[in-house]
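Asker: One letter stands for each residue in the lines below.
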Amino acid sequence: MISRTAFLVGGVVLALLIGTAAVFFASGDPDGLDSTALITQGLKELTQPAAPDAELDEASLPGSFEYEAPFPDYTVEGASDLTNVALIVGGILLALIVVGGLAYGIKRAGQPGTP
Amino acid sequence: MHIPDAFIPIGQAAVYWLIALVFIALALRWVRNEMDEEKLPLLAVLAAGVFALQAFNIPVTMGTSGHLVGGALVAIALGSPYAAIIVLTLVLIVQGVLFGDGGITTMGANIVNMGVIGGFVGYYAYQGLHGLTRNLYASAAGAAWLACLVPALVAAVELYVAGTFPLVPGIVSMGVYHALIGIIEGTITAVVLGLIAAARPDILDESVGIPSSGVPA
Chain A
1 MISRTAFLVG GVVLALLIGT AAVFFASGDP DGLDSTALIT QGLKELTQPA
51 APDAELDEAS LPGSFEYEAP FPDYTVEGAS DLTNVALIVG GILLALIVVG
101 GLAYGIKRAG QPGTP
Chain B
1 MHIPDAFIPI GQAAVYWLIA LVFIALALRW VRNEMDEEKL PLLAVLAAGV
51 FALQAFNIPV TMGTSGHLVG GALVAIALGS PYAAIIVLTL VLIVQGVLFG
101 DGGITTMGAN IVNMGVIGGF VGYYAYQGLH GLTRNLYASA AGAAWLACLV
151 PALVAAVELY VAGTFPLVPG IVSMGVYHAL IGIIEGTITA VVLGLIAAAR
201 PDILDESVGI PSSGVPA
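First to last, the protein sequences are chains A and B. Per our numbering: the first sequence ends with 115, consecutive numbering throughout. Per our numbering: the second sequence ends with 217, consecutive numbering throughout.
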């Protein structure tokens, strides 16, 4: 059995390797939800790929709220591979820190006076 | 199955946010009152892993790809659907705010689908399947497959109500694609649980059904 620290470090390293591999090897095909949306707009058949330039007609969709994320699709315009890896690494570490930090904070706050 | 802002009108999106907030409050209470502090590293590592794996889209034929969602994995490993709600909520916040993956107004619906429904389906399906088969891998794979498919079907209904998808074609298409994407979900969930069971069986929740000193059944 490995130590708790080794488990934590090993798990995070594995996550970072997977995230880095995703930058280079992840599929650019639409996901199940986007594929379904393309089908409902007549841009895709269920069993066939959509045309590479197929784009959803956003104007016909019911949601009016718009928000511009700083790094849409985990990248910035004209970014190098290194930048894209840095973005995904940043996202992974942020997920680790916010989840770990929140749970730790709740535990600390919930047990005043205990070490 | 991250729903973007454009897919649901704001009024309906607010309803899903309200439902999500109720479950987020319950999940925070679970962390405070019931989560063993020893499980904290596992919770945090799984959040990192889920974020990484959600970025890794794998082709599932028919011009479509999919990735792990992770609700079943987190719920099974930590022994509670509320663990999945905590992890998926925070992962979805990071994804939505920084990376435009899933909307802001629709984040509530995404939390309900992938965190709440994915977590509850994954946890209880695992308990049921493991009770029947006593096999970690088969039960985890089956539960995770369901925890991918059921939220996708719910999303199809939500998007029908929103006026974005027609009912039957939406359910058929979401169902077909996520039955395939669910194979990814099932495989990765079983593999990751097996890895954790090999490295630190004691760190998994007792409900997973692995003796803390022993080999996974």
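Worth flagging that the hints you see were computed from the coordinates, not collected in a lab. Among these hints, one or two may not hold up.
Stated by the list, open to error - Not close to chain B: a few residues of chain A, all C-beta gaps over 12 Å, as computed:
(1) D57
(2) G78
(3) S80
(4) L82
What the hints assert, rightly or not - Example chain B residues on the side facing chain A (calculated, C-beta under 7 Å, incomplete):
(5) P9
(6) V45
(7) A52
(8) I58
(9) S65
(10) V91
(11) T133
(12) V157
(13) S173
(14) A198
(15) R200
As the list claims (entries may be wrong) - Listed next, the stretches of chain A that the computed footprint assigns to chain B, with coverage defined by at least 3 CB atoms under 8 Å from CB atoms of chain B:
(16) 25–37
(17) 59–67
Ideal Cβ positions, reconstructed from N, Cα and C, are used throughout, including at glycine.
Asker: Hint by hint, note whether the structure agrees.
Answerer: Status of each hint after checking the structure:
{"no.": "1", "hint": "D57", "in the structure": "violated, 10 Å"}
{"no.": "2", "hint": "G78", "in the structure": "holds, 17 Å"}
{"no.": "3", "hint": "S80", "in the structure": "holds, 17 Å"}
{"no.": "4", "hint": "L82", "in the structure": "holds, 16 Å"}
{"no.": "5", "hint": "P9", "in the structure": "holds, 4 Å"}
{"no.": "6", "hint": "V45", "in the structure": "holds, 4 Å"}
{"no.": "7", "hint": "A52", "in the structure": "holds, 4 Å"}
{"no.": "8", "hint": "I58", "in the structure": "holds, 6 Å"}
{"no.": "9", "hint": "S65", "in the structure": "holds, 4 Å"}
{"no.": "10", "hint": "V91", "in the structure": "holds, 5 Å"}
{"no.": "11", "hint": "T133", "in the structure": "violated, 26 Å"}
{"no.": "12", "hint": "V157", "in the structure": "violated, 12 Å"}
{"no.": "13", "hint": "S173", "in the structure": "holds, 4 Å"}
{"no.": "14", "hint": "A198", "in the structure": "violated, 9 Å"}
{"no.": "15", "hint": "R200", "in the structure": "holds, 5 Å"}
{"no.": "16", "hint": "25–37", "in the structure": "holds (count 12)"}
{"no.": "17", "hint": "59–67", "in the structure": "holds (count 7)"}
When held up to the earlier numbered hints, the structure conflicts with 1, 11, 12 and 14 and fits the remainder.
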